[in-house]
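Trainee: Residues per chain are reported as follows:
Number of protein chains: 2
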Amino acid sequence: MKKCTVFAPATVANVGSGFDVLGFALCDVGDTVHVKKSSTPGLVIESIIGANNIPSDPVKNVCTVAAQALLDCLEEKQENGYSFIITKEVAAGSGLGSSASSSAAAVVALNELLGSPFSRHDLIPFAMKGEALASGAEHADNVAPSILGGFTLIQSYEPLRVVNLHYPEELVVTVVHPHVEVKTVDSKRILKQNISLKTAITQWANVGGLVAGLAQENFELIGHSLHDVVAEPTRSMLIPMYEQVKIISREMGGLGCSISGSGPSIFVLTDSMEKAKNIADSLESLYMNNFISCDVYLSKINKMGCQVIQ
Amino acid sequence: MKKCTVFAPATVANVGSGFDVLGFALCDVGDTVHVKKSSTPGLVIESIIGANNIPSDPVKNVCTVAAQALLDCLEEKQENGYSFIITKEVAAGSGLGSSASSSAAAVVALNELLGSPFSRHDLIPFAMKGEALASGAEHADNVAPSILGGFTLIQSYEPLRVVNLHYPEELVVTVVHPHVEVKTVDSKRILKQNISLKTAITQWANVGGLVAGLAQENFELIGHSLHDVVAEPTRSMLIPMYEQVKIISREMGGLGCSISGSGPSIFVLTDSMEKAKNIADSLESLYMNNFISCDVYLSKINKMGCQVIQ
Chain F
1 MKKCTVFAPA TVANVGSGFD VLGFALCDVG DTVHVKKSST PGLVIESIIG
51 ANNIPSDPVK NVCTVAAQAL LDCLEEKQEN GYSFIITKEV AAGSGLGSSA
101 SSSAAAVVAL NELLGSPFSR HDLIPFAMKG EALASGAEHA DNVAPSILGG
151 FTLIQSYEPL RVVNLHYPEE LVVTVVHPHV EVKTVDSKRI LKQNISLKTA
201 ITQWANVGGL VAGLAQENFE LIGHSLHDVV AEPTRSMLIP MYEQVKIISR
251 EMGGLGCSIS GSGPSIFVLT DSMEKAKNIA DSLESLYMNN FISCDVYLSK
301 INKMGCQVIQ
Chain H
1 MKKCTVFAPA TVANVGSGFD VLGFALCDVG DTVHVKKSST PGLVIESIIG
51 ANNIPSDPVK NVCTVAAQAL LDCLEEKQEN GYSFIITKEV AAGSGLGSSA
101 SSSAAAVVAL NELLGSPFSR HDLIPFAMKG EALASGAEHA DNVAPSILGG
151 FTLIQSYEPL RVVNLHYPEE LVVTVVHPHV EVKTVDSKRI LKQNISLKTA
201 ITQWANVGGL VAGLAQENFE LIGHSLHDVV AEPTRSMLIP MYEQVKIISR
251 EMGGLGCSIS GSGPSIFVLT DSMEKAKNIA DSLESLYMNN FISCDVYLSK
301 INKMGCQVIQ
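Residue numbers (the working numbering), protein chains in the order written: chain F, 1 to 310; chain H, 1 to 310.
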């Protein structure tokens, strides 16, 4: 095998109360990375399609940084090199795990080319090196669901323990990405670094409720437990029309709604494609009527995670 | 029906990471309340067996306070009265939900006498009035598992939402109650009222892991996720030999170990009665060798909760 192409799905991290620990993968939207073996040693970005603000210097690009982390862990050093073609579909700064999709696709493709020396779980730390480059922190809440698929919980970082959660098949998500810029630095700075014990207890009661609701396929409990009392109260201020989105999604039968990652994308969970579609149409109209362009996605939870497509 | 006797099990609340939200019921150990209809209006404590520091004034006893809360919610006011005989087996201040067992038994027995106008779930808020009398806070993490049985999560207080969690049948718990006094006021004061966001995230990652581990019957995950970074670091200082108990239970195959309620009782979860028994013997020896008397309990999770025994 001399080349390999992998699609890595976009992801919703945090998932309401699951701040920094929960995430799930979307269908259809994601980044694609094509990796080719070359006789020249080293890693090269051949081209980046679909985005013009992504660095092509291999030490500054998340794909090659993640790929290098993988190569550094191989017992046998490679004499040849690898070139990358990155097709970006997940907008950077959307809150949908753009850097995670690229990092995930890169390591899964490279691993495939190498004859799969690593399991999917083993690849997560390499993709986290891409995340560290993009955001300064080796977080796994986007790369884990992008690589593994499904709904994941990062139970621990040292050692890394990723749990695949059970969830009801019927779950459908509507994602709206209003085209406004929320700087990651702002969405980080706006968070309080200390919280009251009371607030923390409310949050972990909801995390417990959300995991139980997913496991028991109890939609009402899922909806109640999405409620985020830690990040949403401040971060939502950076997202235009946030309150209206919440009201509309609740009135139209959404189970619950919160910020995807650090925003500005917002996700709504529902128990049927029909409701999700109606909510999508209403949210699109809401932003259009307020002269804010947006992308809207409708998706079930992506079970597969990264997919080798060639 | 003119009289009714109900057994309400002792409970382990907090359950490691599930501070203030998780709890489960024990088998065999608990309080028993006998309620008798009488022609004289009002509530009377006829006798208290097994404890001599429990008030028999009906406005100061958790059983009659909880029972009165139930009577106040009846549409039809009662012309007759009720007398109570309380048999206490759960020591006050043990950390095993002593007041909760008495409150739970009282409301379940009275409800039975009245022809069950309330469901088991509906009885929880009445028993919480007993808890408020005992500790100053209407908490439900002991009364819910005592009344309902099983492993419960208090997902929300307003409105009250109690979730019955799935758990593996094989789960066995060893509880050791060293006979030392830990004043509730001390174990409350010792808690920080503000915690770092980082600590809070670790805790809710563990709560999510614990609920997922129980649901998936994944004993390893249950063990890892019991870890409490909020209350245990300070509260454990009030419990003699705590570190040794942790070491022994880990070395003898315990899944994990933490403080029951606010202590001084300690619980150890295991996946077999044999391991639980060996751990029980070792912990008993540990305390005996250090001249501290203790009670030791071995139990599966009590599925039934309160039981009407007459």
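FYI, nobody ran anything at the bench for these hints, they're computed from the structure. Some hints could be false.
Where chains are identical, the list cannot tell them apart; a pair therefore holds if satisfied intra-copy or between any two copies.
As the list claims (entries may be wrong) - Capping the alpha-carbon separation at 27 Å, the derived lysine-lysine pairs in BS3-like fashion look like this:
1. 183 with 198
2. 37 with 275
3. 188 with 198
4. 198 with 3
5. 183 with 303
6. 77 with 277
Trainee: Hint by hint, which ones does this structure get wrong, listed from lowest number up?
Mentor: 2, 4, 5, 6
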